[in-house]
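Modelling step: build the complete structure from the supplied sequences, incorporating the hints.
There are 2 protein chains.
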Amino acid sequence: MNVGILGTGITGLTIGTKLVELGHDVMIGSREAANPDAVAWAQDAGRKALYGTFRNAAEFGEIIFNCALGSASLEALDMAGAENLKGKILIDTANPLDHSTDAWTLTVCNTDSLGQQIQRAFPDTKVVKTLNTVNVNVMVDPAKLAEQTDAFVSGNDLEAKAIVVSILRDWFGWTSIIDLGDISTSRAVEAYLLLWQSLRKVMPAKRFNIKVVAS
Amino acid sequence: MNVGILGTGITGLTIGTKLVELGHDVMIGSREAANPDAVAWAQDAGRKALYGTFRNAAEFGEIIFNCALGSASLEALDMAGAENLKGKILIDTANPLDHSTDAWTLTVCNTDSLGQQIQRAFPDTKVVKTLNTVNVNVMVDPAKLAEQTDAFVSGNDLEAKAIVVSILRDWFGWTSIIDLGDISTSRAVEAYLLLWQSLRKVMPAKRFNIKVVAS
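Protein chains in written order, with the working numbering: chain A, 478 to 692; chain B, 478 to 692.
Any given hint might turn out to be false.
For chains that are exact copies, the list does not tell them apart, and a pair is met inside one copy or across any two.
[Claimed, not checked] Computed list of lysine-lysine pairs in DSSO-like fashion (alpha-carbon distance at most 30 Å, straight line): (1) 688 x 621; (2) 688 x 678; (3) 688 x 495; (4) 495 x 525; (5) 565 x 678; (6) 525 x 565; (7) 563 x 525; (8) 621 x 525.
FYI, nobody ran anything at the bench for these hints, they're computed from the structure. Quick caveat: nothing in here was measured; it's all calculated off a predicted structure.
Spelled out as structure tokens, the structure:
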């Protein structure tokens, strides 16, 4: 499948590498046509690894991953162009974190979320929020954890969510995926980032996730 | 031990019952001296179960549980009286939830939290935030879940946290307790309530909690 990835940070590059390894054609998009990190990544990752602008990547992808920083996501998507996202699934992995201080806070929360903001700004795109609750190494390789843990999906389009669940399972190896409901439940998984951040500071392992346990 | 509990809702009554069963003397405090729920509870729970005002309960307890609604907690603690809380451990189980709509939101979050508000308002009290991440049935009986899950503690006073960890372990049966850090990490566990709320709507079991899994 042709996949577009927006964002050349560690999340975009790691997901890109994983998808190329799986045999997909991947274009990573950036503000510039030839972002140095994207160029270096494409040289390493082989002939199925492409790079370009946000717009190029959105045009290229049948499915799009938003891996831009939360604070930059809406602008990146604007640069990608609504017409290039129309009708497509947008897998939103971003968190609206303000990294300007050590005590991370969210730039939107409680009554709204980045996932909802994106869905409102791009009503013809099928936004599915997922994977924002884990470090990128867990995103693409959850089996490295000592036990099966949970991924979450939030989105308004049931068919799009079903496809994303298949992607999580078949591409990345997630075996337990909880559908939280419509895109408004992005509020829930984005707010969880505050707990994730506290856990990150005290967990001996840098790779961790949560498992929901019932009676 | 003499324990004071502020709040006659299901959380206060359930914790009260558990503590009486363990042989502690428990006074549940309310806005009124003879709250009907507290009176009925005391009649059921036996001679070690007492009731009174918030002030009576705070005077009585060597350790105090805040089980008032989040929105009512600061007022309840004011009525209890700073002089009756001075030097004592206050176990804060409350969540600052606005229950006025179906889409629960937090009345304070992101940059501040109820736990921090309480600690600032009562600087001579040792506030330890814990147990707010689970339903009351899980609070007092975590072993009913299919696997060991995690409780969290947040607080500035290390000795007070160590005592609360003992209480969680020895009174309630928690076997895995994660110290998140100082009281500012109340932000983390209170924000998690938004995820808890979404999970509550989709989990088949009403009794659930999370387990942190590392590699």
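query: What hints, given by number in increasing order, does this structure fail?
result: Failing hints: none at all.
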